[in-house]
Structures are given as C-alpha cells and as structure tokens.
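Asks: So the chains spell out like this:
Protein chains: 2
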Amino acid sequence: MKPRKKEKIFLTQSYFKYPLPEEMLKELSEELKDINRYPSGGDYIKLRQVLAEYVGVNKENILPANGSDEVIEIVTRAYKGEVLIPIPTFSQYEASADRGRLSKVLVNCLHNGVFSLNYSAEQLDKASLVWICNPNNPTGTRIPREKIMGILQRAKGMVVVDECNYEYLGETVVDLIDKYENLVISRSFSKNFGLAGLRLGFAISNPQNVKKLAAFGQYFRVNRMAEKAAGKVLKYLDYYQEVWEKMKKVRDKFVRQINELEFFAYDSQANFVLVEFKNKKETERVWKYLKEKGIYTLAGWENEFSGLDNNFIRFTIGIEWEMDKVVEVLYDYAKRS
Amino acid sequence: MKPRKKEKIFLTQSYFKYPLPEEMLKELSEELKDINRYPSGGDYIKLRQVLAEYVGVNKENILPANGSDEVIEIVTRAYKGEVLIPIPTFSQYEASADRGRLSKVLVNCLHNGVFSLNYSAEQLDKASLVWICNPNNPTGTRIPREKIMGILQRAKGMVVVDECNYEYLGETVVDLIDKYENLVISRSFSKNFGLAGLRLGFAISNPQNVKKLAAFGQYFRVNRMAEKAAGKVLKYLDYYQEVWEKMKKVRDKFVRQINELEFFAYDSQANFVLVEFKNKKETERVWKYLKEKGIYTLAGWENEFSGLDNNFIRFTIGIEWEMDKVVEVLYDYAKRS
Numbered sequence: 001m002k003p004r005k006k007e008k009i010f011l012t013q014s015y016f017k018y019p020l021p022e023e024m025l026k027e028l029s030e031e032l033k034d035i036n037r038y039p040s041g042g043d044y045i046k047l048r049q050v051l052a053e054y055v056g057v058n059k060e061n062i063l064p065a066n067g068s069d070e071v072i073e074i075v076t077r078a079y080k081g082e083v084l085i086p087i088p089t090f091s092q093y094e095a096s097a098d099r100g101r102l103s104k105v106l107v108n109c110l111h112n113g114v115f116s117l118n119y120s121a122e123q124l125d126k127a128s129l130v131w132i133c134n135p136n137n138p139t140g141t142r143i144p145r146e147k148i149m150g151i152l153q154r155a156k157g158m159v160v161v162d163e164c165n166y167e168y169l170g171e172t173v174v175d176l177i178d179k180y181e182n183l184v185i186s187r188s189f190s191k192n193f194g195l196a197g198l199r200l201g202f203a204i205s206n207p208q209n210v211k212k213l214a215a216f217g218q219y220f221r222v223n224r225m226a227e228k229a230a231g232k233v234l235k236y237l238d239y240y241q242e243v244w245e246k247m248k249k250v251r252d253k254f255v256r257q258i259n260e261l262e263f264f265a266y267d268s269q270a271n272f273v274l275v276e277f278k279n280k281k282e283t284e285r286v287w288k289y290l291k292e293k294g295i296y297t298l299a300g301w302e303n304e305f306s307g308l309d310n311n312f313i314r315f316t317i318g319i320e321w322e323m324d325k326v327v328e329v330l331y332d333y334a335k336r337s
Numbered sequence: 001m002k003p004r005k006k007e008k009i010f011l012t013q014s015y016f017k018y019p020l021p022e023e024m025l026k027e028l029s030e031e032l033k034d035i036n037r038y039p040s041g042g043d044y045i046k047l048r049q050v051l052a053e054y055v056g057v058n059k060e061n062i063l064p065a066n067g068s069d070e071v072i073e074i075v076t077r078a079y080k081g082e083v084l085i086p087i088p089t090f091s092q093y094e095a096s097a098d099r100g101r102l103s104k105v106l107v108n109c110l111h112n113g114v115f116s117l118n119y120s121a122e123q124l125d126k127a128s129l130v131w132i133c134n135p136n137n138p139t140g141t142r143i144p145r146e147k148i149m150g151i152l153q154r155a156k157g158m159v160v161v162d163e164c165n166y167e168y169l170g171e172t173v174v175d176l177i178d179k180y181e182n183l184v185i186s187r188s189f190s191k192n193f194g195l196a197g198l199r200l201g202f203a204i205s206n207p208q209n210v211k212k213l214a215a216f217g218q219y220f221r222v223n224r225m226a227e228k229a230a231g232k233v234l235k236y237l238d239y240y241q242e243v244w245e246k247m248k249k250v251r252d253k254f255v256r257q258i259n260e261l262e263f264f265a266y267d268s269q270a271n272f273v274l275v276e277f278k279n280k281k282e283t284e285r286v287w288k289y290l291k292e293k294g295i296y297t298l299a300g301w302e303n304e305f306s307g308l309d310n311n312f313i314r315f316t317i318g319i320e321w322e323m324d325k326v327v328e329v330l331y332d333y334a335k336r337s
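If you're matching them up, the sequences are chains A and B in order. For what it's worth, the working numbering labels the leading residue of the first sequence as 1, then goes sequentially. For what it's worth, the working numbering labels the leading residue of the second sequence as 1, then goes sequentially.
These aren't lab readings, by the way, just hints derived from the structure by calculation. Heads up, a few of these hints could be off.
Where chains are identical, the list cannot tell them apart; a pair therefore holds if satisfied intra-copy or between any two copies.
[Stated by the list, open to error] Capping the alpha-carbon separation at 25 Å, the derived lysine-lysine pairs in BS3-like fashion look like this:
1. Lys104 <-> Lys212
2. Lys147 <-> Lys278
3. Lys278 <-> Lys156
4. Lys288 <-> Lys232
5. Lys291 <-> Lys211
6. Lys26 <-> Lys212
7. Lys232 <-> Lys46
8. Lys335 <-> Lys281
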C-alpha cells in the first residue's frame, strides 16, 4: 500500500491495519442475507469447536463472548472480592471492577523504564481475582512463564491471563489450564485477525470454570456475523501469519529508530509501542506536533489505560510507510527543539 | 415466496421471516471491509442520532445495546432490589434477575384465557424494578396505556416497558418519558427490521436515567455492523411497513382458523400466536405431530418463557404458505383424534 497524499495516520486504537483477505470478505458477505435469524446462542457449539481447534483444546474449555471486554466483565462478576491489577495496564480490568463496585488494588509495576510484575504474597493471598496482561498493554512487555506459574501457585483466587496479543507474542499458558484450577485465559480475534468491529473474544479454562462463567453471560452474547467469521478467517491463517511477521519487523525497526532519537521506546511484543518522554510538557508538545501533521496517537492522559502517567504516548504499529512518516516527523521535531 | 418441497418450517424463534431488502444488504456488505476497525463505542453518537430520529426523541434519550437482552441485563443491574415479573412472559427478565441474585416476585396474570396485568399496590411499593412486556410475550396481549400509566404512578421503583414488538402493536409510551422519571422503554431491531443476527437493542428514557444505565454497560457493546445497519434498514421503512401489514393479516387469519378447530388461540398484537390445549398430553401430541410433519414450534416446557405451563404452544407467524401448512396439519390432526 502506498500513502495517499496528506492521508491521516491513526495510531490510537490497536487494531489490525492490513487489508482483510478479499475471498474471506466475499464469503462473509454471503452470510448477511441470514442476519434476520438469531445467532446460535447459549452453547455456541460450532463456534466453540472452531475456536477450540485453533487453540488446541476441547470445546468445553471455550467460552465465546462479545469481545474480550466481555470476558473481562464476566470474570469480574464471577469472582467478586478484591481485584489485583498491575499498572500501567489496559483500563478495562479496572472499569469492570468499578462497574461491580469491587475493591481494587493497583500495583505499580513500572520502575525506571522496566515493567516487572511484582505482586506480594500478601496481595496474592487476599485477592479474589488477579490480572496478568501478557504482553502487557501499553508497555508491550512479555511476562515470563515462570513468573505466571509462580503467581498461579501462590494466588488463592482466580488468575486471568489476558492473551489478546498472543498471536504477536507467540507464547501461551493454555497448556496449564488442567494443572492450575485457578487459571482463566482471555483471547480475542480483534487485533490479530482484524475482527475488532465484529466483537469476538473468548475465555479458555477448565470445563468447570467455563460452566460457571457461562452463567454470568447472556444467551445471545456473540452476534451471528462474528460467529460465522471465526472459521472463515482461520482458513487464511497463512496470510495472517505473514502479516504478523511483517508487523513485527516494522515494530522493531520503529523501536530502534525512536531510540536513536532522544526518546525512550519500550521493547514490545505486541502491535503497539510505548514511548516515554522527559516530562508532561514535552509529551504534550510531541503529541500536538504529531497531530498537526495528521498523526493521531494515544497519550497517558486519555482513558485507555490504568495508571499511565502523562509522560507517555502509545503508538499502534501501522503499515510501514505510516511508521516511517512518524519517525520522519519525530526527527523534524527533535531537530527543531 | 413459494414453498419448496418438504421444506421444514421453523416457528420457534420470533424473527423476521421475510427477505431483507437486497439493496440494503448490498450497502451493508460494503461495510465489511472495515470490520478490522473498532465500533464507535462509548457514546455511539451517530447511532444514537439515527435511533432517536426514528423514535422521535433526542439522542440523549437513547442507550444502544447488544440486543434488547442487554437492555434487560443493564436495567436489572442498575436497579437492584426486588424484581416484579408478570407471568407467563419472556424468560430473560427472570434470567437477568437470577444472574444478579435478586429476589423476584412472579405474578400470575393469566386467568381463564385472559392475560391481565394485576400488580397489587403493595407489590408496586416494594419492587425496585417492574416489568411490563407490551404486547406481552408469549400471549401477544396489548397492555392498555391507562394501565401502564397507573403502574408508573404507583410504582416506587423503575418501570421498564419492553416494546420489542412495538412495530407490530403500533402503540408506545415514549411520549411519557419526561412525565414519569421512573420510565424506561426497551426496543429492538431484531424482530421487526430483521437484524436479530446482528444484535441491536436500545433503551429509551430521560437523559439522567440513560447516563446512569450507560455506566452499567461495556464500551464496545454494539458491534460495527449493527451500528451501520440501523440507518440502512430505516431507509427501507416503506418495505418493512408493507411486510408488517402482511404479517398481521397472516396472523389474524391464523388465529381465526385455529379457533375454528377445537384449539384456543390468543388474540395477538405481535408476530407470534399462543395456542392453549386441553392438557399436557394433548399439547405433547400436537407438538410431536407438527414436528413429524417438519413444523417446529415452541412449547411451554421449553426455557423460552417464565411461568408458561405445559398446555401451551407458541407459533411464530411465518410466511403465509407456512401458516396455511400449519393449519392444514392441525386440521388433519383434529380429524384423526
């Protein structure tokens, strides 16, 4: 894809920025004539089979939902008590806890440019629900498997590992769902398969947990188009894998280039990169400068994240020419100031 | 439309059984290429404007949701306490109360073939949430406006009028949302516009109530295709109105024909008709006989309704040839027994 003249560049929401497979869209459009009919609803047997096969588990291990936001909402309602949240992180863990009027413990895990999950034994004893976002949003940080296992072993409550960027990270703890009764994994088709608009997320856990969680969700929570789309995108896994590899190259190049300037970019295993600036004033200046050039990014002062302060901007990784343009603009900015 | 040979007839779920406007489907298919992008989310400003214009209110009066099931879920979470439910009725009022572990009072309103809302003053004093389904599902009964106003005046809690069959009934209490602070109305695009598969419902109330309810819903609760479809179907209102009139004629003819047999069909203002049989044994016999002939219907022993006993079958009103076939099969049944 080539840039159109003066095209605006949206790097706010972290969605799949490449075109969807044309043949897949054609197949999906044929499903539209049946949207007068309800989704399968309830057990969503076929959809669960499709998702289970992709993940490598049984359909009894899968609970489909209206985006992974609904997974977050459902687990929060199912495991009421005290919610343990590592910050900075994705805002919806806190939002769902607030909707349920649950008590929250926000644990600052970002120190001197390093995000490191550091829940204490006491915190893990008390919490009914422990969040791990892997890779963490917005830092993009990989959480080591041993650390997740340590938390699973120690926690008295449920541990939810948000793997909505699994396809970019390439690591999962799905193989541990039988070993740890308190493990729930959250996945999504939004960012990696380009179905953000249709809303398709799902929980993975042991059958007992899945049954319990299902009781907290509505009957028709996943719409018919999302239901049909899952199987269709998976037929094009090769294409998606190519795009994921491409995105990673663009991302890693962007991190290197940003660090060559005076700014600090966090290493990322997701499709976004967090950049830290000297102070709020500079962050605002950069954010505005980018915006004037038609580049929209997500700053710490917006509501997307819990506990992210005003020295940060998160850049979604777009198409290569978009990121080249961002670097060019930031280079101009650095030269001017 | 003509019957295909041995075609099965599904009269279980009450969905829009006519073809959707082709031009509308074509326009909608063009939106598929953007499903990699998130829905508007949060305030859903454009969607609320479209819905508000259709209803004849302001966008501040509208809360879109993932089907009217989600409206039911959201109001139940927002107005916790004791839930007053008239039976027999749609099962989701009870299901949402159960999910929230709220106490329920089920009030039997069906006596001697007549459904009549008969909440007592004491019940209306105590309830935090009062349900009115108008027309009632599965009886199809119109609830008189004066009765709704009486309940609104007397109730200490919130009163929710489920108008998901408004387009068939042609009566609404939308004009009362400023007069009664405790009024919330629920609507849907499932049954009347044929968008059941996309999930689009919405609440209508005063801006204060809408703001409160919004805090109980997720940010991305309505998917992008549902969001885009609302405005598109409304461009074909003439077509839909024709279909609604056609359906009503088929329905009323069906009611007459059923009553000419030995069975008792309730007068209906919706797109379904409830039929009462002598006893459970006969109901089962009829239900099985229909099924053997490829006609699928919803009996009292299924989970679709609260407080419907085993003497009932609900028939969704399908295309005319389908209903003619049902009558023919029931005529054969009556002759044989």
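Asks: Give a verdict on every hint.
Replies: Do the hints match the structure? See the list:
Taking the shortest Cα distances, Lys104 and Lys212 sit within 25 Å of each other both inside one copy (22 Å) and across copies (22 Å). Proximity of Lys147 to Lys278 under the C-alpha cut-off of 25 Å is found in neither arrangement, the shortest distances being 31 Å within a copy and 65 Å between copies. For a Cα distance limit of 25 Å, the shortest separation of Lys278 from Lys156 qualifies neither inside one copy, at 40 Å, nor across copies, at 56 Å. Taking the shortest alpha-carbon separations for Lys288 and Lys232, neither the intra-copy value of 40 Å nor the inter-copy value of 37 Å comes in at or below 25 Å.
For the identical chains of this complex, Lys291 and Lys211 are neighbours neither inside a copy (47 Å) nor across copies (31 Å), given an alpha-carbon limit of 25 Å. Taking the shortest Cα distances, Lys26 and Lys212 never come within 25 Å of each other, neither inside one copy (37 Å) nor across copies (41 Å). Only within a single protomer do Lys232 and Lys46 lie at most 25 Å apart by alpha-carbon distance; the minimum there is 13 Å, versus 30 Å between protomers. When the C-alpha separation of Lys335 and Lys281 is checked against a cutoff of 25 Å, the pair qualifies only within one copy, where the shortest distance is 17 Å, while the shortest distance between copies is 86 Å.
Of the hints listed earlier, those the structure fails to meet are numbers 2, 3, 4, 5 and 6, in rising order.
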